[in-house]
Amino acid sequence: EPGKIFTQKEAEGEFQCFDILKNKHFNIWAPIAIFSSKPLLLACQEYLYKNIRKFVDEPFQDIMCPKPIIR
Numbered sequence: 001e002p003g004k005i006f007t008q009k010e011a012e013g014e015f016q017c018f019d020i021l022k023n024k025h026f027n028i029w030a031p032i033a034i035f036s037s038k039p040l041l042l043a044c045q046e047y048l049y050k051n052i053r054k055f056v057d058e059p060f061q062d063i064m065c066p067k068p069i070i071r
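When we follow the working numbering, the leftmost residue of the sequence shown carries the number 1, and every step to the right adds one.
Quick caveat, the hints were computed from the structure, so don't treat them as lab data.
Certain hints may be false.
[Said to hold, decoys possible] Simulated crosslink set (DMTMM-like; lysine to aspartate or glutamate; CA at most 25 angstroms straight-line):
#	residue 1	residue 2
1	Lys67	Glu46
2	Lys67	Asp57
3	Lys4	Asp19
4	Lys22	Glu1
5	Lys24	Glu1
6	Lys38	Asp62
7	Lys50	Asp62
8	Lys9	Asp19
9	Lys4	Glu14
Using the sequences and the hints, build the whole thing.
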C-alpha cells in the first residue's frame, strides 16, 4: 500500500502498519514540482573539490564535486 510501511519487532513476529504520509490525500502518482536552489558558496565548492572528490567514484566526480566556479 503506498504511503504505508509494515514492520516487525522480531523475525516471524506480528506485523504493524504505519502511515508515513503527513497528508492522507497526497497523490503519490502526481509529478512533484521541481524547485530551484541557490548555488553553493565558493568556499563550499572548494571544500568539496579539495577534500571530498577523492572519495567519489571517478565517473561521478565531475557531477558531485566539480571544479569550483568563480563568479
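Each hint, compared with the structure:
1. With a C-alpha separation of about 8 angstroms, the suggested pairing of Lys67 with Glu46 holds against the 25 angstroms cut-off.
2. Taking the CA atoms of Lys67 and Asp57, the gap is about 15 angstroms. The hint holds against a cut of 25 angstroms.
3. A threshold of 25 angstroms between alpha carbons decides the hint, and for Lys4 with Asp19 the separation of about 4 angstroms falls inside it, so the pair holds.
4. This hinted pair checks out: Lys22 and Glu1 have alpha carbons roughly 15 angstroms apart, not beyond 25 angstroms.
5. The straight-line distance between the Cα atoms of Lys24 and Glu1 is roughly 13 angstroms, inside the 25 angstroms bound, and the hint therefore holds.
6. For the hint linking Lys38 to Asp62, the alpha-carbon distance of about 19 angstroms falls within 25 angstroms, and the restraint holds.
7. Under the criterion of a C-alpha separation no larger than 25 angstroms, the hint pairing Lys50 with Asp62 is consistent with the structure, at around 13 angstroms.
8. Taken as a hint, the Lys9 and Asp19 pair is honoured in the structure, with Cα atoms around 17 angstroms apart against an allowance of 25 angstroms.
9. Note on Lys4 and Glu14: the hinted pairing holds, with a Cα-Cα distance of about 16 angstroms set against a maximum of 25 angstroms.
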